[in-house]
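*Asks:* When we follow the working numbering, the leftmost residue of the sequence shown carries the number 60, and every step to the right adds one.
Incorrect hints may have been included.
Dumping the calculated SDA-like pairs for lysine to any residue here, alpha-carbon to alpha-carbon at most 25 Å [what the hints assert, rightly or not]:
(1) Lys82 <-> Glu114
(2) Lys115 <-> Leu143
(3) Lys134 <-> Arg145
(4) Lys241 <-> Val111
(5) Lys259 <-> Leu171
(6) Lys176 <-> Thr224
(7) Lys241 <-> Arg86
(8) Lys259 <-> Ala235
(9) Lys186 <-> Arg85
(10) Lys259 <-> Asp156
(11) Lys186 <-> Gln230
(12) Lys82 <-> Ala137
(13) Lys186 <-> Asp238
(14) Lys134 <-> Arg117
(15) Lys79 <-> Thr110
Label-pair ranges, simulated between beta-carbon atoms [unchecked claim]:
(16) Ala137 <-> Asp238: 35 to 45 Å
(17) Ala235 <-> Glu93: 19 to 29 Å
(18) Gly236 <-> Asp172: 17 to 27 Å
(19) Asp90 <-> Asn260: 17 to 27 Å
(20) Glu226 <-> Arg248: 12 to 22 Å
(21) Gln130 <-> Ser227: 33 to 43 Å
Hints listed in this document are in silico derivations from the structure and should not be mistaken for laboratory results. For glycine and all other residues, C-beta sits at the position ideal for the given N, C-alpha and C.
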Amino acid sequence: MFWDSVAGVYDVFVNVINGKTHKALRRIVADCIEPGDTVLECACGTGLLSTVIAEKCRHLTATDFAPKMLQRAEKNCAAFDNVLFRQANILSLDFPDDTFDKVVAGNVIHLLDEPMKALNELNRVCKAGGMLIIPTYMNKTQQGETSNFASVVGKAGADFKRQFTVESYRQFFLDAGYDNVKITLADGRIPCAVAVMTKKN
Numbered sequence: 060m061f062w063d064s065v066a067g068v069y070d071v072f073v074n075v076i077n078g079k080t081h082k083a084l085r086r087i088v089a090d091c092i093e094p095g096d097t098v099l100e101c102a103c104g105t106g107l108l109s110t111v112i113a114e115k116c117r118h119l120t121a122t123d124f125a126p127k128m129l130q131r132a133e134k135n136c137a138a139f140d141n142v143l144f145r146q147a148n149i150l151s152l153d154f155p156d157d158t159f160d161k162v163v164a165g166n167v168i169h170l171l172d173e174p175m176k177a178l179n180e181l182n183r184v185c186k187a188g189g190m191l192i193i194p195t196y197m198n199k200t201q202q203g204e205t206s207n208f209a210s211v212v213g214k215a216g217a218d219f220k221r222q223f224t225v226e227s228y229r230q231f232f233l234d235a236g237y238d239n240v241k242i243t244l245a246d247g248r249i250p251c252a253v254a255v256m257t258k259k260n
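Generate the whole structure from the sequences, applying the supplied hints.
*Replies:* Given below as C-alpha cells:
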C-alpha cells in the first residue's frame, strides 16, 4: 500500500516541505473544536491534525486505512490520553448514526473513487446539528491545469482521483446538498481548502 510505504517520511512533508500550509491548516481546524466535543477523525495519517484536535476536545477517535500511518500517529500523539486509534475505511464506518459532535476528514476526498459515499458516511455518524470539517489539497491551478504537486505525487503512487480549485471544491459540496458550506484557504506551497458545514438532515 502506497500510504504504508510513505508513513516513515510523511512527517517531513507535513512539517518541512508544506509546513506553512499545515501551520495554517492546524489553526483553522483547531478553531472549530470545542472542549466538550467528541470527534471522529478519518484519514488521520501521521497525526497532522490529531494533535491539535486532541488538545481541545473531550475525546478523539482517530482512524486511518493504513496501519503504519496509524502507528506513526499514535507515536506523535503519545502525550494525550483522550485519543483512541482505530483502523477504519471511510467508505464504510463502523460507528452508529449520530455519534460524534465533529467529524474531520483531512486530505482524503481527492483520493477516493467514491467521494460522495464517503461524505454520506461522515454525515451519517455526525450528530444532528454537528459539524463536518473536510480539508483537501488544491491540486489544480486557477488556470485549470494539474499542479506540479499533483503530477509528482501522482506518479509516485498517490493516485489522485479528483483535482480541485477552491471554486470547484465549494461546488462539490453544493452539489451534495450542503448549502451552508464555508471554505477557508490554508495557503502555502501546496494550498489546502478547509470545507466546514453543518450535518445535513
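*Asks:* Decide, hint by hint, whether the structure agrees.
*Replies:* Quick rundown of the hints versus the structure:
Using a Cα cut-off of 25 Å, the hinted pair Lys82 and Glu114 holds, with the two alpha carbons roughly 15 Å apart. Restraint check: the Cα-Cα separation between Lys115 and Leu143 comes to about 15 Å, which is no more than 25 Å; the hinted pair holds. Taken as a hint, the Lys134 and Arg145 pair is honoured in the structure, with Cα atoms around 14 Å apart against an allowance of 25 Å. In summary, the hint linking Lys241 to Val111 is supported, as the alpha carbons are separated by about 20 Å, within the 25 Å threshold.
This hinted pair checks out: Lys259 and Leu171 have alpha carbons roughly 21 Å apart, not beyond 25 Å. Between the alpha carbons of Lys176 and Thr224 the distance comes to roughly 21 Å, so the proposed pair stays at or under 25 Å and holds. As the CA atoms of Lys241 and Arg86 are separated by approximately 16 Å, the hinted pair is consistent with the 25 Å bound. Of the pairs offered as hints, the one joining Lys259 and Ala235 holds, with about 10 Å between alpha carbons and a cut-off of 25 Å not exceeded.
With a CA separation close to 23 Å, the supplied pair Lys186 and Arg85 stays within the 25 Å bound. Proximity of Lys259 to Asp156 is assessed by CA-CA distance (about 13 Å); at most 25 Å being required, the pair is judged to hold. For the suggested pair Lys186 and Gln230, the alpha carbons sit about 24 Å apart, so the restraint of at most 25 Å is met. Under the criterion of a C-alpha separation no larger than 25 Å, the hint pairing Lys82 with Ala137 is consistent with the structure, at around 20 Å.
Straight-line distance between C-alpha atoms of Lys186 and Asp238 comes to about 18 Å, which keeps the hinted pair within the 25 Å bound. Taking the CA atoms of Lys134 and Arg117, the gap is about 20 Å. The hint holds against a cut of 25 Å. A threshold of 25 Å between alpha carbons decides the hint, and for Lys79 with Thr110 the separation of about 17 Å falls inside it, so the pair holds. At about 41 Å, the beta-carbon gap between Ala137 and Asp238 stays in the expected band of 35 to 45 Å.
Take Ala235 and Glu93: their Cβ atoms lie about 25 Å apart, and the range 19 to 29 Å holds. The supplied range of 17 to 27 Å is met by Gly236 and Asp172, whose beta-carbon atoms lie about 20 Å from each other. Checked against the hint of 17 to 27 Å, the C-beta distance between Asp90 and Asn260 comes to roughly 25 Å, which is consistent with it. Taking the beta carbon of each, Glu226 and Arg248 are about 20 Å apart, inside 12 to 22 Å as hinted.
At roughly 34 Å, the beta carbons of Gln130 and Ser227 sit within the given window of 33 to 43 Å.
Going through the hint list in order, the structure satisfies each hint without exception.
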